[in-house]
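Okay, here's what each chain looks like letter by letter:
Number of protein chains: 2
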Amino acid sequence: MRKEIISPSVVKRLPRYYRFLSDLLAKGTGKISSGELSKIMGTTASQIRQDLNCFGGFGQQGYGYNVEILRDEIATILGLNHKYSAVLIGAGNLGRAIANHIAFTEKGFTLSAIFDVDETIIGENMNGIVVENIDKLKDFCKKHKPDVAVLCIPKNVAESMSKQLIEYGINAFWNFSHYDIAMEYPQVSVENVHLGDSLMTLCYKKTLTEEKENN
Amino acid sequence: MRKEIISPSVVKRLPRYYRFLSDLLAKGTGKISSGELSKIMGTTASQIRQDLNCFGGFGQQGYGYNVEILRDEIATILGLNHKYSAVLIGAGNLGRAIANHIAFTEKGFTLSAIFDVDETIIGENMNGIVVENIDKLKDFCKKHKPDVAVLCIPKNVAESMSKQLIEYGINAFWNFSHYDIAMEYPQVSVENVHLGDSLMTLCYKKTLTEEKENN
Numbered sequence: 001m002r003k004e005i006i007s008p009s010v011v012k013r014l015p016r017y018y019r020f021l022s023d024l025l026a027k028g029t030g031k032i033s034s035g036e037l038s039k040i041m042g043t044t045a046s047q048i049r050q051d052l053n054c055f056g057g058f059g060q061q062g063y064g065y066n067v068e069i070l071r072d073e074i075a076t077i078l079g080l081n082h083k084y085s086a087v088l089i090g091a092g093n094l095g096r097a098i099a100n101h102i103a104f105t106e107k108g109f110t111l112s113a114i115f116d117v118d119e120t121i122i123g124e125n126m127n128g129i130v131v132e133n134i135d136k137l138k139d140f141c142k143k144h145k146p147d148v149a150v151l152c153i154p155k156n157v158a159e160s161m162s163k164q165l166i167e168y169g170i171n172a173f174w175n176f177s178h179y180d181i182a183m184e185y186p187q188v189s190v191e192n193v194h195l196g197d198s199l200m201t202l203c204y205k206k207t208l209t210e211e212k213e214n215n
Numbered sequence: 001m002r003k004e005i006i007s008p009s010v011v012k013r014l015p016r017y018y019r020f021l022s023d024l025l026a027k028g029t030g031k032i033s034s035g036e037l038s039k040i041m042g043t044t045a046s047q048i049r050q051d052l053n054c055f056g057g058f059g060q061q062g063y064g065y066n067v068e069i070l071r072d073e074i075a076t077i078l079g080l081n082h083k084y085s086a087v088l089i090g091a092g093n094l095g096r097a098i099a100n101h102i103a104f105t106e107k108g109f110t111l112s113a114i115f116d117v118d119e120t121i122i123g124e125n126m127n128g129i130v131v132e133n134i135d136k137l138k139d140f141c142k143k144h145k146p147d148v149a150v151l152c153i154p155k156n157v158a159e160s161m162s163k164q165l166i167e168y169g170i171n172a173f174w175n176f177s178h179y180d181i182a183m184e185y186p187q188v189s190v191e192n193v194h195l196g197d198s199l200m201t202l203c204y205k206k207t208l209t210e211e212k213e214n215n
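Going line by line, the protein sequences match chains A and B. Using the numbering used here, the letters of the first sequence correspond one by one to residues 1 to 215. Using the numbering used here, the letters of the second sequence correspond one by one to residues 1 to 215.
Hints listed in this document are in silico derivations from the structure and should not be mistaken for laboratory results. Owing to the predicted nature of the structure, the values given are computational and were not obtained by experimental measurement. Some clues are possibly wrong.
For chains that are exact copies, the list does not tell them apart, and a pair is met inside one copy or across any two.
Unchecked claim - No more than 25 Å apart at the CA atoms, straight line, and that leaves these computed lysine to aspartate or glutamate pairs for DMTMM-like:
hint, residue 1, residue 2
1, K83, D139
2, K212, E124
3, K83, E119
4, K138, D51
5, K145, D135
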């Protein structure tokens, strides 16, 4: 229940807090003040106090925050202890990178299966998981009821695929395709990664800097 | 000059406008009203009119927007016609996916070189570019003066690598590492892609949905 009162802007910052606190913990830092944390994170101490107060505020005046308790609290709010089961659809270059590069288990998920249509990829072992034929997706979902689908497929395929996956009971998507799932299915949880949009944004920033320098 | 008055929140939406308008153009749509566009994009007509008014507003009462002119205008604002030269550092799983998956040329960039430290990867051909030894980076930068670096390397390497790259004259980064370049070098343009943060955010959304269902 507590989560519902955390504002979206604070939620957006929680993964970054989690990352920095995990780094501090790995370095053996036991406690930290909002002032020190703000310097490391490039923000203000008052912003940090305000953010962390939203969910209980474990800081003590003149003592600071217990790094481990705070990090674990943020992990709980993010739901990282859930180990939701994820299926990856599309084992091309991007899907392969996602399967191999991302530590799903640290981020609240377990990658349980990978599916593709490409006969040359099916049967390949990716990070301990054998890529299966997409034909077997329906049966897999029926049997194992995965929680989340990771879509590393082109936009034109993503529309029908997400429709199927929702019919198979999946209600959360990590979406690398350019198909807007959330528009069609407002009830599902979607996190989009639009690499193309990100690259265009960089182009804008670079252009702006150049124009400023030239003026 | 005009760009400086476009608010960051509008800028953030421009790549998405660009994508939808490109799709419309590919389907042969010549003009579109703010009402129709809002339905396709899942937003409101007034939001669209407000956004597009920021940079001249090409819509005509009772006629709508000329899709091609509007798309080209957004491309110009984003700087997509620049063809900035980009070097990719790190040709592991993620770097490989980025090199092969992203149409750099459509997004304002040309991928001109790929560098790695791994002897087993150096010499490999990725999307027409041969992966070079990182030893050659300095000379390459001196000779070709690339505009942008794409960092697909771990956080612990990214710190020293970005320092070097800035010394070599690069002032813009597409950053997939978890190192916060912008904090150390506020003068450079940085666009971060934090896949781990994105996955944690999905975990939060999924957890929230489950809690609502269970209550």
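Taking the hints in turn, this is what the structure says about them:
For a Cα distance limit of 25 Å, the shortest separation of K83 from D139 inside one copy, 21 Å, qualifies, whereas the shortest one across copies, 47 Å, does not. When the C-alpha separation of K212 and E124 is checked against a cutoff of 25 Å, the pair qualifies neither within a copy, at 50 Å, nor between copies, at 39 Å. For the identical chains of this complex, K83 and E119 are neighbours neither inside a copy (30 Å) nor across copies (36 Å), given an alpha-carbon limit of 25 Å. Taking the shortest Cα distances, K138 and D51 never come within 25 Å of each other, neither inside one copy (42 Å) nor across copies (42 Å).
Proximity of K145 to D135 under the C-alpha cut-off of 25 Å is restricted to the intra-copy arrangement: shortest distance 16 Å within a copy versus 49 Å between copies.
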